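Asker: Residue numbers (full-length UniProt numbering), protein chains in the order written: chain E, 1 to 172; chain H, 1 to 670.
No wet-lab data here; the hints were simulated from the structure. Any given hint might turn out to be false.
Far from chain E, by Cβ distances over 12 Å, these chain H residues were calculated [stated by the list, open to error]: (1) Asp121; (2) Arg143; (3) His273; (4) Arg276; (5) Asn370; (6) Glu409; (7) Lys443; (8) Pro448; (9) Ala485; (10) Glu499; (11) Arg509; (12) Lys534; (13) Ser604; (14) Pro606; (15) Met623.
From the derived model, a few chain E residues whose C-beta atoms are all more than 12 Å from chain H [unchecked claim]: (16) Tyr14; (17) Ile19; (18) Gln20; (19) Asn24; (20) Arg33; (21) Pro46; (22) Lys48; (23) Ala54; (24) Arg56; (25) Leu58; (26) Glu62; (27) Thr64; (28) Phe71; (29) His132; (30) Leu148; (31) Pro149.
Sample of chain H residues at the chain E side, in silico, Cβ under 7 Å [said to hold, decoys possible]: (32) Leu123; (33) Val360; (34) Met364; (35) Leu437; (36) Pro440; (37) Glu444; (38) Ile446; (39) Asn455; (40) Phe459.
All of these numbers come straight from a predicted model, not from anything done at the bench. Where a beta carbon is used, it is the ideal one built from N, C-alpha and C, also for glycine.
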Amino acid sequence: MRLEKCWFCSSTVYPGHGIQFVRNDAKVFRFCRSKCHKNFKMKRNPRKVKWTKAYRKLHGKELTQDTTFEFERRRNRPERYNRDLVDQTLNAIKKIEEVREKRESKFWESRMKGKKSQERKEAAVELEQNIHLVKAPGAMVAEPGLTLPKQQVKMKVKVSMPKQQQIQAVQE
Amino acid sequence: MVLYNFKKITVVPSGKDFVDIILSRTQRQTPTVVHKGYAINRIRQFYMRKVKYTQSNFHEKISTILEDFPRLDDIHPFYGELLNHLYDKDHYKLALGQLNTARNLIEKISKDYVRLLKYGDSLYRCKQLKKAALGRMCTVMKRVSPSLAYLEQVRQHMSRLPSIDPNTRTILICGYPNVGKSSFINKITRADVDVQPYAFTTKSLFVGHTDYKYLRWQVIDTPGILDHPLEECNTIEMLSITALAYLRAAVLFVVDLSGSCGYSLAQQASLFHSIRPLFANKPLIIACNKTDLQPIETLPESDALLLQEMKREAAKAGAGLVDGAPPDEEGCLLTMSTMTEEGVIAVKNAACEKLLQQRVEVKMKSKKINDCLNRIHVAVPRQRDQKERPPCIPQAVLDAKVAEAKVLEKRKLEKDLENENGGAGVYSANLHKHYLLLDPDWKEDIMPEIMDGHNIADFIDADILQRLDELEREEEEAAATAQAADEDEDMSDQELTAEETEALLAIRRKKKQILEEHRLKKSTADNKPVMPRKHDHNRQFNTGRMGRHLSSLGLDPGAAVERIRSKSRLGRKRERSAGGGDDYAMDIDQQPTKKMRARSRSLSRPHTEALPGEGYKDSAQKMKAMKIAKKAVKQRNKDARKGEADRVHYNLKPKHLFSGKRGTGKTDRR
Numbered sequence: 001m002r003l004e005k006c007w008f009c010s011s012t013v014y015p016g017h018g019i020q021f022v023r024n025d026a027k028v029f030r031f032c033r034s035k036c037h038k039n040f041k042m043k044r045n046p047r048k049v050k051w052t053k054a055y056r057k058l059h060g061k062e063l064t065q066d067t068t069f070e071f072e073r074r075r076n077r078p079e080r081y082n083r084d085l086v087d088q089t090l091n092a093i094k095k096i097e098e099v100r101e102k103r104e105s106k107f108w109e110s111r112m113k114g115k116k117s118q119e120r121k122e123a124a125v126e127l128e129q130n131i132h133l134v135k136a137p138g139a140m141v142a143e144p145g146l147t148l149p150k151q152q153v154k155m156k157v158k159v160s161m162p163k164q165q166q167i168q169a170v171q172e
Numbered sequence: 001m002v003l004y005n006f007k008k009i010t011v012v013p014s015g016k017d018f019v020d021i022i023l024s025r026t027q028r029q030t031p032t033v034v035h036k037g038y039a040i041n042r043i044r045q046f047y048m049r050k051v052k053y054t055q056s057n058f059h060e061k062i063s064t065i066l067e068d069f070p071r072l073d074d075i076h077p078f079y080g081e082l083l084n085h086l087y088d089k090d091h092y093k094l095a096l097g098q099l100n101t102a103r104n105l106i107e108k109i110s111k112d113y114v115r116l117l118k119y120g121d122s123l124y125r126c127k128q129l130k131k132a133a134l135g136r137m138c139t140v141m142k143r144v145s146p147s148l149a150y151l152e153q154v155r156q157h158m159s160r161l162p163s164i165d166p167n168t169r170t171i172l173i174c175g176y177p178n179v180g181k182s183s184f185i186n187k188i189t190r191a192d193v194d195v196q197p198y199a200f201t202t203k204s205l206f207v208g209h210t211d212y213k214y215l216r217w218q219v220i221d222t223p224g225i226l227d228h229p230l231e232e233c234n235t236i237e238m239l240s241i242t243a244l245a246y247l248r249a250a251v252l253f254v255v256d257l258s259g260s261c262g263y264s265l266a267q268q269a270s271l272f273h274s275i276r277p278l279f280a281n282k283p284l285i286i287a288c289n290k291t292d293l294q295p296i297e298t299l300p301e302s303d304a305l306l307l308q309e310m311k312r313e314a315a316k317a318g319a320g321l322v323d324g325a326p327p328d329e330e331g332c333l334l335t336m337s338t339m340t341e342e343g344v345i346a347v348k349n350a351a352c353e354k355l356l357q358q359r360v361e362v363k364m365k366s367k368k369i370n371d372c373l374n375r376i377h378v379a380v381p382r383q384r385d386q387k388e389r390p391p392c393i394p395q396a397v398l399d400a401k402v403a404e405a406k407v408l409e410k411r412k413l414e415k416d417l418e419n420e421n422g423g424a425g426v427y428s429a430n431l432h433k434h435y436l437l438l439d440p441d442w443k444e445d446i447m448p449e450i451m452d453g454h455n456i457a458d459f460i461d462a463d464i465l466q467r468l469d470e471l472e473r474e475e476e477e478a479a480a481t482a483q484a485a486d487e488d489e490d491m492s493d494q495e496l497t498a499e500e501t502e503a504l505l506a507i508r509r510k511k512k513q514i515l516e517e518h519r520l521k522k523s524t525a526d527n528k529p530v531m532p533r534k535h536d537h538n539r540q541f542n543t544g545r546m547g548r549h550l551s552s553l554g555l556d557p558g559a560a561v562e563r564i565r566s567k568s569r570l571g572r573k574r575e576r577s578a579g580g581g582d583d584y585a586m587d588i589d590q591q592p593t594k595k596m597r598a599r600s601r602s603l604s605r606p607h608t609e610a611l612p613g614e615g616y617k618d619s620a621q622k623m624k625a626m627k628i629a630k631k632a633v634k635q636r637n638k639d640a641r642k643g644e645a646d647r648v649h650y651n652l653k654p655k656h657l658f659s660g661k662r663g664t665g666k667t668d669r670r
């Protein structure tokens with residue numbers, strides 16, 4: 001029993017899950033769920049579909065080159081069982097996992113580093129250019145600053161006399 | 001070695017058929033068309049050819065028959081004698097001789113008539129001559145037709161003769177009728193001869209084959225012989241006599257001890273003595289049959305004496321065969337019972353053995369044997385001394401062998417385990433126990449396969465600890481550098497104030513709203529129902545909405561509301577508003593009148609008015625011309641005739657008939 005990787009999205013496929021397609025050239029395609037299978041059938045390229053691991057790695061969204069990845073590697077030569085070695089390995093897997101998570105979060109942080117200041121700059125520009133949408137330039141003259149006019153107050157408009165009455169008045 | 005096979009003799013047609021075959025052949029194979037106008041030489045040639053062709057055909061056909069039938073003097077004397085007895089030698093020779101004569105006569109006739117045809121002076125004469133020639137030939141053939149019929153019968157009978165090879169190893173079974181000869185041959189071969197409980201069941205020779213010492217032996221079953229002079233023998237008996245006389249074989253004289261065949265032992269003994277000359281120079285065995293009915297031990301005194309006599313004679317007959325061998329009396333008399341199969345094989349083996357010995361003896365005496373012996377050499381190594389030299393096996397090896405055998409004996413097999421633990425289907429073999437691991441305690445361990453979404457097998461590595469250490473070291477270094485970097489970092493940009501954040505949110509909300517409105521408007525193009533403006537709160541053209549909009553932007557809507565049309569366009573003259581400025585008020589001094597609007601329409605004119613360019617002098621002339629024109633068409637219109645002003649539909653071909661390429665069909669269809 002092995003955990004396999006989904007051909008499309010590279011997620012882990014547990015035994016009893018997903019579907020497997022064997023092409024007539026004997027190449028095996030495993031899919032974690034029908035979504036991936038359908039995408040494959042639509043001949044989509046996982047490198048161009050944003051939600052796949054392949055896309056994220058290709059576009060620098062995730063850690064690609066790291067020593068923690070080198071521990072896990074498919075071995076095609078069977079090893080003779082050794083209890084001590086397995087024990088060590090089980091411990092090592094946890095540690096490696098910790099390190100990997102740490103590095104990934106670090107990578108994310110560095111990737112997001114300039115984001116805040118960038119956003120602020122953009123906000124400043126937007127404020128300057130689009131303030132007229134919420135506050136008229138006339139109002140700015142009367143009351144400079146970014147304080148927005150109050151919205152809730154209903155204006156009472158004074159109307160001197162209804163039209164019909166006025167006409168009657170003229171005729172008289 | 002000549003093989004006698006009479007099955008391949010061609011069929012002999014009867015006299016009439018013979019003639020038919022030949023004549024139709026002549027008709028088919030020679031030209032048939034001839035005219036009187038032909039040159040006489042050509043006509044003669046035509047008929048001469050027919051005569052010659054017929055003769056040659058007769059010759060050919062008769063020759064084949066003559067060649068196919070064996071000549072009695074040339075074949076093996078056994079067959080010669082056999083055919084003599086079956087078909088009568090004289091009759092046979094006569095028939096063949098007659099055919100030969102007929103062949104010569106036909107040749108002569110043909111010669112004569114060809115000579116005569118040379119003098120034929122007309123087509124008619126030639127034709128008559130040919131007719132006469134063929135007629136005479138056919139008459140000759142007709143005369144020999146009894147011979148042909150006889151030969152055909154002989155051919156049919158001969159083709160059914162058993163294919164006996166007179167020169168091979170043969171066992172010949174003879175004796176009184178009904179003594180068990182056929183039963184014996186059925187026992188030792190697969191000949192399947194008919195066996196019946198009456199005399200002369202077997203009427204001809206039968207052949208079977210058996211096996212002894214990897215050789216093929218021919219066994220011949222003969223009809224029974226009765227004890228009377230040779231001259232009185234019938235044809236069936238003569239077959240047996242012939243076979244006995246001419247075949248070089250081991251003779252098996254079958255005697256019925258019990259006398260149940262209908263003949264006493266004395267009669268059988270007298271037969272034996274009377275045909276004794278035929279046994280000369282042949283291995284002879286007397287086989288006493290039917291011992292199940294009459295065992296040889298309880299034989300009456302007189303019969304026993306007769307048997308003794310026969311035995312002695314048989315031994316004498318066989319004595320001269322093998323050089324220096326004393327007459328073997330015991331081997332000459334054997335008992336058997338074909339019913340119980342007791343002693344049958346012994347009899348067969350004895351007969352075969354005797355014949356084989358004799359044949360070898362004869363061969364050894366012949367001249368050819370030297371050629372054979374010269375080529376054979378059997379080497380026999382001479383013994384060096386009297387010392388024994390057994391194979392030498394070291395003691396250690398013997399011990400090892402014994403030990404190995406013990407181990408093999410002791411080892412418990414999986415099968416034994418299975419039987420001890422409930423047998424097949426209950427016991428399940430433990431495969432783990434054969435594992436070769438560093439520590440035998442680990443054998444029963446279960447290897448985990450999956451942990452935290454990883455395959456454990458993918459991580460198994462001999463130097464995992466070392467690599468893990470390396471990784472940790474790497475991590476520590478990275479942590480140290482990261483700390484330094486954190487210290488360097490500072491935030492240069494300021495945070496947005498609460499006011500700014502609010503304004504930004506409002507702007508974004510507004511933008512979103514505009515976008516959505518725009519999209520909604522666009523979507524009306526998709527034939528979606530649109531709420532009338534009258535009922536749409538947000539699209540009404542009224543002061544309320546305008547006021548709301550302006551005030552939302554922070555403007556005072558009062559002045560704008562004052563300028564609404566209902567207020568600004570009331571009456572002829574606009575009242576001056578007290579508060580507002582005059583600069584954007586419209587100045588309209590007068591009410592619009594009908595006269596003012598008259599300008600927009602051109603002047604009306606009577607249709608009789610003469611306009612420049614029409615060619616009339618004045619309106620009177622125009623009126624006159626119009627009247628004349630009207631009058632001219634009046635009658636035609638009354639008759640409903642077609643005029644030049646009527647609409648015309650031309651008979652145009654529809655477009656599809658003009659367009660496209662012309663195919664191979666009609667020109668008016670495309």
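Asker: Looking at the structure, which of the earlier hints fail to hold?
Answerer: 7, 8, 9, 10, 11, 16, 28, 29, 30, 31, 32, 33, 34, 36, 37 and 38
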